[in-house]
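I would like the entire structure built from these sequences, with the hints used as guidance.
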Amino acid sequence: MIKKFIDKLLGKSAGSAQGKSRFGKRQEVPAEVHKIDPALVDERAKNVVTTLQQAGYEAYVVGGAVRDLLLGLRPKDFDVATNATPEQVKSLFRRAFIIGRRFRIVHVVYGRGREHEVIEVSTFRAYMDSAAAEQVAGNERTSKGELASMKHAVDASGRVLRDNVWGPQEEDAARRDFTVNAMYYDPANQVVVDYHNGIKDAQKLTLRMIGDPVTRYREDPVRIIRAIRFSAKLAALGFKMEAKTAAPLIESSKLLADVPQSRMFDEMLKLLQTGHAIATVEQLRKLGLATGIYPLLDVVVERADQPFVKAALQDTDRRVGEGKPVAPSFLLACVLWADVRDGWAQRQEGRHGQRPQPPFPALQDAIDDVFNSRIGDVSGRGKLAADMREIWMMQPRFDKRTGSTPYSLVEQARFRAAFDFMRLRADVGEVGEAIAEWWQEFSTADDLRRQDLLEQVREEQKVRQRVRLRDPAAAPKPRSEQPARQKQVAAESDDGDGPDIEADAVPPDGEAAAPRKRKRRRKPRPVGGGSGGGGSEGGGSAAGE
Numbered sequence: 001m002i003k004k005f006i007d008k009l010l011g012k013s014a015g016s017a018q019g020k021s022r023f024g025k026r027q028e029v030p031a032e033v034h035k036i037d038p039a040l041v042d043e044r045a046k047n048v049v050t051t052l053q054q055a056g057y058e059a060y061v062v063g064g065a066v067r068d069l070l071l072g073l074r075p076k077d078f079d080v081a082t083n084a085t086p087e088q089v090k091s092l093f094r095r096a097f098i099i100g101r102r103f104r105i106v107h108v109v110y111g112r113g114r115e116h117e118v119i120e121v122s123t124f125r126a127y128m129d130s131a132a133a134e135q136v137a138g139n140e141r142t143s144k145g146e147l148a149s150m151k152h153a154v155d156a157s158g159r160v161l162r163d164n165v166w167g168p169q170e171e172d173a174a175r176r177d178f179t180v181n182a183m184y185y186d187p188a189n190q191v192v193v194d195y196h197n198g199i200k201d202a203q204k205l206t207l208r209m210i211g212d213p214v215t216r217y218r219e220d221p222v223r224i225i226r227a228i229r230f231s232a233k234l235a236a237l238g239f240k241m242e243a244k245t246a247a248p249l250i251e252s253s254k255l256l257a258d259v260p261q262s263r264m265f266d267e268m269l270k271l272l273q274t275g276h277a278i279a280t281v282e283q284l285r286k287l288g289l290a291t292g293i294y295p296l297l298d299v300v301v302e303r304a305d306q307p308f309v310k311a312a313l314q315d316t317d318r319r320v321g322e323g324k325p326v327a328p329s330f331l332l333a334c335v336l337w338a339d340v341r342d343g344w345a346q347r348q349e350g351r352h353g354q355r356p357q358p359p360f361p362a363l364q365d366a367i368d369d370v371f372n373s374r375i376g377d378v379s380g381r382g383k384l385a386a387d388m389r390e391i392w393m394m395q396p397r398f399d400k401r402t403g404s405t406p407y408s409l410v411e412q413a414r415f416r417a418a419f420d421f422m423r424l425r426a427d428v429g430e431v432g433e434a435i436a437e438w439w440q441e442f443s444t445a446d447d448l449r450r451q452d453l454l455e456q457v458r459e460e461q462k463v464r465q466r467v468r469l470r471d472p473a474a475a476p477k478p479r480s481e482q483p484a485r486q487k488q489v490a491a492e493s494d495d496g497d498g499p500d501i502e503a504d505a506v507p508p509d510g511e512a513a514a515p516r517k518r519k520r521r522r523k524p525r526p527v528g529g530g531s532g533g534g535g536s537e538g539g540g541s542a543a544g545e
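Numbering (the UniProt record's numbering), first residue to last: 1 to 545.
None of these hints come from the bench; they were simulated from the model.
Computed from a prediction, not measured in an experiment: that's the story for all the values here.
Do not rely on the hints blindly, as some may be mistaken.
With a straight-line cut-off of 35 angstroms between C-alpha atoms, the simulated DSBU-like cross-links for lysine-lysine are [stated by the list, open to error]:
hint	residue 1	residue 2
1	Lys25	Lys200
2	Lys76	Lys310
3	Lys324	Lys204
4	Lys254	Lys244
5	Lys200	Lys240
Distance ranges between label pairs, derived from CB positions [as the list claims (entries may be wrong)]:
hint	residue 1	residue 2	range
6	Glu251	Glu282	19 to 27 angstroms
7	Ala39	Gly167	29 to 37 angstroms
8	Glu117	Val214	32 to 40 angstroms
All residues carry an ideal CB built from backbone N, CA and C; glycine is no exception.
Quick look at the structure:
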């Protein structure tokens with residue numbers, strides 16, 4: 001109000017002032033200037049744009065894909081923006097689905113299974129002043145019924161809960177977050193439409209918020225996490241966050257407490273699974289946000305330098321870089337393994353006055369405690385939690401390499417994830433390297449080779465058994481030190497020469513065998529006390545034999 005009053009006194013037009021600051025100036029940059037390589041544009045994204053344009057609508061590739069194209073990179077994801085409504089978009093494609101409440105968008109799906117690709121199509125949105133929006137007292141959950149009929153609504157803090165008012169392209173550009181993400185590319189005529197000098201910022205390697213950063217973070221606090229994610233992703237290219245954009249991050253991070261936990265959980269996974277997990281940890285520390293964003297993310301940052309967690313983060317970045325799938329269950333299982341492992345050992349040993357538990361019940365209870373204390377109800381007890389539990393519960397089974405166990409283990413649906421987990425444990429010295437290599441070979445071998453590998457384990461166990469028996473510490477105790485029952489058994493079975501132990505007696509599945517005693521066969525005594533020596537040897541008779 002004060003700004004409008006001052007503008008009026010100075011004879012300025014409020015509309016022109018706002019138009020200049022908010023909506024920028026439309027620039028159409030030709031191919032010879034921006035130099036985007038058309039071959040880097042995904043054919044399916046081109047198809048979506050062409051289909052919309054042929055139906056009479058405006059349509060462009062938009063956002064981070066345009067930024068990456070300008071930098072000469074091949075984008076991993078392509079988004080499309082259009083003036084067609086979600087219903088109009090859906091009607092043009094055979095496999096298209098309208099999703100979302102806060103932002104209604106359309107997913108156009110190509111292919112099936114793991115090879116499928118989704119092109120996200122959004123409708124140009126109007127730039128709405130939060131002061132003019134409908135206001136609710138609660139949040140998404142408590143005001144669900146009230147929000148159902150609203151197109152633009154905010155909560156008491158100014159956070160946008162609904163943003164589904166359609167508008168022109170220049171307003172859509174103004175409501176995007178960063179200048180380098182607010183450009184539109186038309187693959188047909190190869191023109192880039194730029195309202196906020198995004199091309200110049202891309203050339204200067206600058207990450208800059210459109211509009212006032214404090215206001216933009218308040219409208220949607222998740223922009224704080226997006227700022228971290230983009231700065232981490234672009235840091236390797238030399239990008240730096242503009243000082244004005246970075247300054248309010250710490251203070252504004254308090255607003256994240258009002259964001260639904262499910263959304264925060266999803267945003268945390270985006271930070272860790274976009275191929276820049278290590279860089280993200282570095283950015284969080286650099287920006288002073290190592291703690292306070294999200295409790296589970298705090299644990300990741302705290303443990304990022306531990307060999308096992310660091311190896312998991314690096315492995316995730318590598319897989320994303322190679323175009324391989326990654327699962328949040330695997331990475332989170334690695335991050336929280338120390339809690340599970342310590343709780344498991346504590347229960348087996350009966351620490352803190354607890355009663356000692358058998359290994360498997362102890363592991364199950366330790367896992368339950370970790371879910372309750374670290375993850376809570378965010379992921380429920382759904383697939384993510386089930387996959388994490390299975391990875392952890394399979395770890396003790398890798399120690400058993402005899403009988404039918406190896407065959408049944410490799411048939412488990414989560415065997416590969418559990419094996420990769422154990423492989424990382426071997427890399428940091430928590431598991432023997434030989435065990436990891438054995439399982440690697442067993443999992444890919446044919447039946448004959450698997451039998452050879454099992455026989456190899458049996459022979460190794462026999463050798464270990466012989467070594468134990470030669471060890472003086474493992475030798476049978478003197479009779480004076482044996483329990484009464486052992487003395488009685490020894491007296492009944494001893495033939496006068498002491499026990500003769502079968503050192504190579506190994507029970508099935510590699511379990512240690514109790515030494516077995518073998519009686520010597522006595523020689524028959526010559527009739528009439530003839531030669532043969534030792535007439536008193538053995539104390540028995542021929543008849544007794």
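Hints, one by one, checked against the model:
Pair hint Lys25 plus Lys200 holds up; C-alpha atoms about 14 angstroms apart against a cutoff of 35 angstroms. For the given pair, Lys76 sits about 24 angstroms from Lys310 by alpha-carbon distance, which is consistent with the 35 angstroms threshold. A threshold of 35 angstroms between alpha carbons decides the hint, and for Lys324 with Lys204 the separation of about 32 angstroms falls inside it, so the pair holds. Under the criterion of a C-alpha separation no larger than 35 angstroms, the hint pairing Lys254 with Lys244 is consistent with the structure, at around 18 angstroms.
Of the supplied pair hints, the one linking Lys200 and Lys240 holds, its CA atoms being roughly 14 angstroms apart against a limit of 35 angstroms. At about 21 angstroms, the beta-carbon gap between Glu251 and Glu282 stays in the expected band of 19 to 27 angstroms. At roughly 33 angstroms, the beta carbons of Ala39 and Gly167 sit within the given window of 29 to 37 angstroms. The given range of 32 to 40 angstroms is respected by Glu117 and Val214, whose C-beta atoms sit roughly 37 angstroms from each other.
In this structure, none of the earlier numbered hints is contradicted; all agree with it.
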